[in-house]
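Participant: Here the protein sequences line up with chains G and W, keeping their order. Quick note, in the working numbering, the first sequence goes up one by one and the last residue is 1350. Quick note, in the working numbering, the second sequence goes up one by one and the last residue is 816.
Simulated from the structure, these hints should not be mistaken for laboratory data. Heads up, some of the hints might be wrong.
If you want a taste of the chain G side facing chain W, the calculated C-beta under 8 Å gives, among others [claimed, not checked]:
hint	residue
1	1249
2	1314
3	1315
4	1325
5	1333
Calculated lysine-lysine pairs in the DSS-like style (CA-CA distance at most 30 Å, straight line) [claimed, not checked]:
hint	chain 1	residue 1	chain 2	residue 2
6	W	683	G	690
7	G	1123	G	694
8	G	1323	W	777
9	G	1328	W	683
10	W	629	G	690
11	W	473	G	691
12	G	691	G	867
13	W	768	W	629
14	W	777	W	762
15	G	1108	G	1227
16	G	690	W	768
17	G	1227	G	1035
18	G	691	W	771
19	W	777	G	691
20	G	691	W	629
21	G	1328	W	380
22	W	683	W	473
23	G	1328	W	629
24	G	694	W	777
25	G	826	G	1227
26	G	1323	W	629
To give an idea of the interface, some chain W residues facing chain G are shown, with a C-beta separation under 10 Å as derived from the structure [to be verified]:
hint	residue
27	336
28	452
29	455
30	534
31	541
32	551
33	724
34	740
35	744
36	752
37	754
38	755
39	758
40	801
The structure displayed is predicted, hence computed values, not measured ones. Where a beta carbon is used, it is the ideal one built from N, C-alpha and C, also for glycine.
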Amino acid sequence: MNSEFLSTIAIIALFAPLAGFVSTLLLKKWTKNAHYAEMFFIGVNVVAAGTLLVMTAGDLHTLHIISSFNWIQFPGITFELGFQFDSLSIILLFGVALISFLVHTFSLQYMHGDKRYSRYFAYLGIFTFSMNGIVITNNLLMMYIFWELVGLSSYLLIGFWFEKTSASDAAKKAFIANRFGDFGMLAGILLVFVTFGTFSFDGIKEGLLSGILPFNSGFWLSVMGVLLFCGAIGKSAQFPLHVWLPDAMEGPTPVSALIHAATMVAAGVYMVIKIYFLLSADALLVIAIIGALSALIPATIAFTQYDIKKVLAYSTLSQLGLMVMAIGLGAFGNAFFHLMTHAFFKAGLFLAAGSVIYGMHHEQDIRHMGGLKKYMPKTFLAFAIYTLAISGVPLTSGFMSKDAILNATMIYGSLTGNWIFAVVGFGVTFLTAFYMFRLLFRVFIKGNITGVEHHISHGHKVHESPNVMVVPLLVLAALSLFPFFSFNPLSGENGWLMKGMNFASSAVPDGLRYTFMALAGTSVTGYTESYFEASHHYHYIAMALSLLCALGGFGLAYTVYFKEKVNTETYKAKFRPVYTFLYNKWYFDELYEVIIVKFTLLTSRVLFWFDATVVDGLVNLTAFLTRKVSDLGGLFDKYVVDGFVNFTAMFTGLIGLFMRKLQTGKIQTYVAFIVVSIVLLFFFYARQ
Amino acid sequence: MELTQNLHDLLSLRAELVLTAVILLLLGIELFSKGNKTLLRVVSLTGIGVVLILLFGESSTAQKLFIGSNGVPLMIIEPLGTFAKIIASISALFTILFMGINREDSTMVRREGEFMVLLLCTVLGVFFLSSSYDLILLYTGFELLSISSYALAGYNKRSSQSSEASLKYLVYGAASSAIMIYGISILYGLTGTTNIFIIQAILGSGALSGALLLMAIVFLLAGIAFKISAFPFHFWTPDVYEGAPTHFTAYLSVASKIGGFILLLRLILDLFFRKGFNSEILQPVSDLPWNDILIFISIGSMTIGNLVALWQKNIKRLLAYSSIAHAGYLLAGIAALNSTGLVAVLVYFAFYLLMNMGAFLVVILIKNEIHSEMLEDYNGIGSKLPLYAIALSIFLVSLTGLPPTAGFIGKFYILMALVNADLVLLAFFLFLNSVISLYYYVRVMKHLFISKPEKELGEAKQNVYGGVLTLVLAVPTIIFGIFFTPILRLAEAALKFYLP
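Looking at chain G on its own, in the form it has when it is part of the complex:
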């Protein structure tokens, strides 16, 4: 494969959205149609990324091309920038470009009439650029740069309607929560550089394989892994920094589809997959636990929420948790598979929600929705397919990828005897099916039908969205079906994506790995034989169990929200404390309020008291004594100290003023100066 050609196309793909950002901002002054520049460039991005994928499709599973150059060179230190072409980067680059393109298209109509219309598209452009940078890089430094750029551009997009206090607050919250994570990541990156003297993934791997460990200790290797993972906790909204994502729903809905489904939150998962080779067993276990918590907690919150976007937000958190958990269990390939399938159907879900909100005239509360299938049949169709996919129903992409993750939890359970992750995985599957079908039933089939009819009878039209919005929905719905990932609907393992995965084996010293990971150099795939045996053994069991769970969730939702046999209110009343606890999102926001905000306030109050009584008292006493003395001192101050300060400031100026006087403008003086200078120079140095 010609690496120069690849890099040229990659450069086009990377910078096209940036060109879109710049040209849209520049053209915005002259024309109302500046956003077409961004549309054009995002098209270029899709084509370039697509070309990369097609060109390399044949040998994805072995592809590993680095193309880099020295960015800054100081004696002894070199900073590199560059691209890494492998299956992960090329597939995700195309995925990001495609979804971004669809979101752009959808926004043409959705954002129509907004007073900052062009600016919105420009922001989408810079966001896509930043995301591309994270995906294509070959080193942590460049990744961190683009990481922060993503943080910035998502801040701009979440707070796009900054006149709304809630929107600008949400933007700030997202930004700050991400800083917490990024701080850890930066520390990790510095630790990497101190240890290995390089930022590049290949360099780190080489170092690890040659036996270099941070501070020569396995413990610090685990610390390094966890620190880097902190970045993912922030970006991918993992427990305990997950609080920003639901609030970020204040941004425009297509933005939620782009950022909070397919790209920004995927960046964290992607980064952990990239650094997988340096994660020790301990670090992986931490990651698995964080992932499990992030999968479980939001799933329990999701079915108590009434805002259609909030439900989807919590569902995103939960799915991301599943992916992170899978990485922690050593199944990073399966995690990446789920990342890709999830990106499509979750982006679709958000866009469909956007379509509903658009059709209902900016109504987001599902208590005011019902029976919308009649009015928005195409949106309903798409939404139903996404729901099937996310719930893990056969014939969808989600079924294959979720099954792969569940299979991995069972393998892990059987090999280590720790079944808790499997339990979490299946529990989450059940909850996902339940809250997603709850949403489907309440919004499109049953729900508050009378309310909607009442609404219509008052002259408010509820309508299907125009084609420019519906087509992206249908495209994404098609992409949520199995044939795009594998021709065997029961097994994603045989699909092109999983086959094309480049299984980079771990570079961690043997003693620090999971036992089921092969010894260094004994296996191409990085796993022992027993792992694959277990994988075959549990494949169908996992599938059956996951189907059962999904069916259970569906059944419960069907009974409650379709048949409406159960009065939810009585159960709410019965389990009031639990319900309130879940409804209030486990009180995380309040907890942080207490810990961070209140604690800061309390500290400041204590300090204030100390200040007011003790310090002030002392000060007053001293002041009284001093006052007498200071009458004298004042004079000193006024004439000597102030004088000195002013003098220093004036002095510089005065010298200049004096020097300026030499510039007489008379040529005679100038020539005289020449002579004087020459003589002075000569005698000054001749003296020695």
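Since the structure of chain G is provided, determine the placement of chain W on it from the hints.
Facilitator: Structure of chain W alone, referenced to chain G:
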């Protein structure tokens, strides 16, 4: 045999020959086509383009020319000289482009041919300065550069200020070069030759030392310091910069300076110092206080330049003093007398070309709109001519040496060289001066963006040609602040025959 060899050598001076041909062609066009403006511009710009292509083509070759009976060459084409030639050619290119938009004097348009011919003569002067290895030939190049410049400074005939500038420049220049040729004659008297290689050999043998040699060096430095407008030979600078047509001021601040610097580098690398580096450090051939003299001139230039700039109300005078200060920064890099320092000087010069040319360009563009160079008239330009104002701010920030601009990288490398050479005092002064300079550069920005205009700015508007030219200079100023390795490589390549 010798004749054919010489002819052959002459043909190797391709860039010089093309440049001379262009000068003659321009003279012809001026005479016979009654100064057809388009033709003149096309010919001059293509001519410089061809010269630049030739220069880039030979940017890594080294060739001795006109080898005499004593076995030493009269001229050498080598990368460092080529680097200087490229800088001079590029600034000439920009100057001709700037000329097209300068509307200071309506009669200037009619006399464009004249301007171009003289301008290219100065370029030719720099070319000879860059590749001559004989003091007489060097002096000829020096004078070609100077005399054409005197005429160009007074090119704006209707303005008495311009004529005054020209006359002052002439008198001052004549005095300086008289002193310089006196220095050359002393050297000749001491060694009996004007060839740099032979003088170096004689000095290297330790046969000479003492007051006369010192006198020769001080006299030579007087000429160089005049060219690069360094303290204490800087007095002409503000008057000439202010009076000359602004596009020529821009040229003067860059091309004339590179002429002086290449002469200084030539004297240091090939005449007064031992060949090559001894563990990264240059050794003088006889124990002369090179370090002290250079440091003295450097500190003097930057301090005087910056302190007096604080008081300037005219942007061109302000930039003139800033240019004096920059001569100081560049000299600091040379004073380090180590390889890092020399590379740093070349890097800085490449960036200096961008930012200084850019700053003067914006001065021209703004003057076209508001007919003033006074800072108080710049009030409110920021909202009226945003592109110009932002570009000027970029150039000024770069001149201050703040990230993320090219100027920061240049200054950083010079500072690093000084620290490597243990010249902490000089490094401290450089840092202190940067802080002082920040004050007056930012003051310009205050006028541009914060101060309210006293009167309406009227019909001021930006034009496309000016905007594009500004961007051509401003965008690289930022880009090189982030990604500068290519320029660093270029500078290292230019010094490849000298670096250890």
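Participant: Which hint numbers does the structure go against, in order from smallest to largest?
Facilitator: Checked against the structure, the hints that fail are numbers 1, 8, 10, 11, 12, 20, 21, 25, 27, 28, 29, 33, 34, 35, 37, 39, while the rest are satisfied.
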